[in-house]
Amino acid sequence: MRKVLAAFAAALIGFAQAAWADTEITFYYPIAVGGPLTKVIDGYAAEFEKANPGVKVKPIYAGNYDDARIKALAALKAGQPAQISVLFSIDIYELLEQDVIMAWDDVATTAEDKAWLKSFYPALMMNGTYKGKAYGIPFQRSTIVMYWNKDAFKEAGLDPEKAPANWNEMTQMAGKLVKKDASGNVQRWGVMVPSTGYAYWMFQAFARQNGQDLMNRDGNKTNYDHPDVIAALQYWRDLGAKHKVMPEGTVEWGTLRQAFTEGKTAIMWHTTGNLTAVKGTAKFPFGVAMLPASKQRGSPTGGGNFYLFKKTTPEERKAALAFVKFMTAPERAADWSMATGYVGISPASYDTPKLKAYAAEFPPAVVARDQFQYATPELSTFQTGRVRKLLDDAIQASLTGQKQPADALKGAQAEAEKLLKPYR
Amino acid sequence: MRNVYGWLLLTPAAILLIGFTHYPAVATLYDSFFSTGTVVRPSRFVGLANYAALADDPIFWQVLRNNLYFAAATIPTSIAIAMLMAIWVNDRLPARALVRMSYFTPTILPMVAVANLWLFFYTPQIGLIDKFGALFGAASHNWLGDPSTVLACLAVMTVWKEAGFFMIFYLAALQSLPPEIEEAAKIEGASRWYFFRRVTFPLLMPTTLFVLVNATINSFKLVDHLFILTKGGPDNASNLLLYYIYQVAFSFFETSYASTLTVVLLAMLAAMAIVQFLLIEKRVHYR
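Chains as they are written, first to last, in the numbering used here: chain A, 16 to 439; chain B, -4 to 282.
For the record, the hints were derived by calculation from the structure and aren't laboratory data. Small disclaimer: the values here were computed from a predicted structure and weren't measured. Quick reminder that beta carbons are idealized off the backbone N, C-alpha and C, glycines included. Misleading hints may appear alongside valid ones.
Straight line, CA to CA, 27 Å or less: simulated DSSO-like cross-link-like pairs of lysine-lysine [to be verified]:
hint, chain 1, residue 1, chain 2, residue 2
1, A, 92, A, 169
2, A, 133, A, 294
3, B, 216, A, 194
4, A, 169, B, 126
5, A, 191, A, 165
6, B, 216, A, 257
7, A, 371, A, 298
8, A, 86, A, 257
9, A, 257, A, 54
10, A, 310, A, 425
11, A, 165, A, 73
12, B, 216, A, 195
13, A, 148, A, 259
14, A, 133, A, 326
15, A, 191, B, 126
16, A, 169, A, 133
17, A, 259, A, 310
18, A, 333, A, 92
19, A, 369, A, 133
20, B, 126, A, 86
21, A, 259, B, 216
22, A, 195, A, 71
23, B, 126, A, 298
24, A, 259, A, 54
25, A, 73, A, 177
26, A, 259, A, 425
27, B, 126, A, 165
28, A, 169, A, 259
29, A, 310, A, 333
30, B, 126, A, 294
A short list of chain A residues far from chain B (calculated; beta carbon distances all over 10 Å) [unchecked claim]:
hint, residue
31, 38
32, 109
33, 173
34, 175
35, 214
36, 249
37, 273
38, 308
39, 331
40, 366
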């Protein structure tokens, strides 16, 4: 009899283990930069499964950020399993409004888990936090930095090791860096800041440098028409229209990297995500610096965060937490940063031997980290798509000379007010 | 019994048509009378409010205007060029197969690939057009960054992409023309231009109608290049109706308003197709 009971108990335990073994984590993730990164992610998942027998991880590559959001939400609506996803950090309000995500604070309850939540750079947590709770855990995050061509600086009689530290210096240096041919056509521009695709993101840097953020922390009010914000757009416009150091009109995001590596502009502002690519293609020595200051330095962060979906069982939440902790551990964050050019997400990741060695050999890799103290969250509000496009349109209308910066931004602010009032 | 058999034969096609064409069209129309629902605020019936919002939306009117310019710029040009190319490669000329193939090549390239190619044609300074212009001392121009040139740039690219496709239809039509007509015209002493104007062109009219319908639909349907080239910018200067629908639906998440825009687009396309088929059809055939 006892034997039978023991066998029965053993069977029960086995059954329980089998149930644990059935915990499966499906997660959608986007890739917005080049390289065979799906393999890297699959590798991490396999590694996690080996270290955590009983949990299966199923990563699903879902295209760009927009596609990933659409696919993840569609999967949830259709009742397909998805426990976590890497989605755009600025999707948080949309996901909150759809009521599909829950705060990591609610599952990370042990002292160790709480310490983990605090282990990231505060600048990277800003986009993922709503009313004091963390909904997004930073994973693939970037920021804007300034690249400069040292040969061009030398040729223009400037110190090739010194990047402009403020707006005045940038205007003056860029003026010297402009090179024209005999008939007066520009051969090389002083500076280029891209204004298609992610115009709002670049503009956040200008605005922050001029002392202003573009939205409040609850995501229900914008600040587009503040005099300092208008002055920031005026400065961006003046670089092309008045100082003639940047082409007039908009500058294409996608081809700017080539323009820089072919020496058509001496300075560019671009995402850190391009670092590895520039390193691979530039035939001249280049430097990477923090963006210049007006009243202060400043640059927005960008990229993707881990979100936890509400429709999950307690076991799945536990497994998801373990997996995200694994993915954001310093060693892996360092590895991921080197593979992509994304920033290391925690101070600890920069203290790992491999990232230290990489930084010693290639100092630009840590510029983004040093800039974090001046970082501001990426523009994100309720109705974020529309509110962002209002700003994009205002910026492009100013840069192409169709509207004055003040008119364009006041118009955008008035429209944004209409959209955001219901959320206050 | 015979009827049942007939219906059974039709069923598979009917299911596909209803499921993927008719039902979505009707559902779109239905959705356009409701507000966009979120979990917090469920969808409710709003009548024509979405249509009123559309009439007040300056971006809608701008993209509509853009789309009409775009259609007016691409349709006649691509048809004229297609016809010219077809007549040319229909003649005996050296390396005819090679010429035909090279005219057809743009057609087999995916639009996204074409857009990536042309992005580097149009890029200031390092682009092909500016490099070529620089040989003659022309100043660099920011083709896609200037609201006054961006739409024309897109139109040129679209013509390049489409003309070869339409050429194939004209080529097929030309080859089915009986050679006696041309011989008769020659005997009568008709000039080449006269022969084209009075014989070839009218005989090609049915093909022209077909191509016209296709070109019209394409000018509203093809927006893949916007994703790569301009994203509708600067300041909506190159935004087209379908791309705007995409933005409203998947970037702003206003599915109801997107449905409303879709209904307008569908109505416009249907009206144009009806006009083309009913009115022009009468004068299409050579008598």
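Worksheet item: What hints, given by number in increasing order, does this structure fail?
Response: Hints 1, 2, 3, 6, 8, 9, 11, 12, 13, 16, 20, 21, 22, 24, 25, 29, 32, 35, 37 not satisfied by this model.
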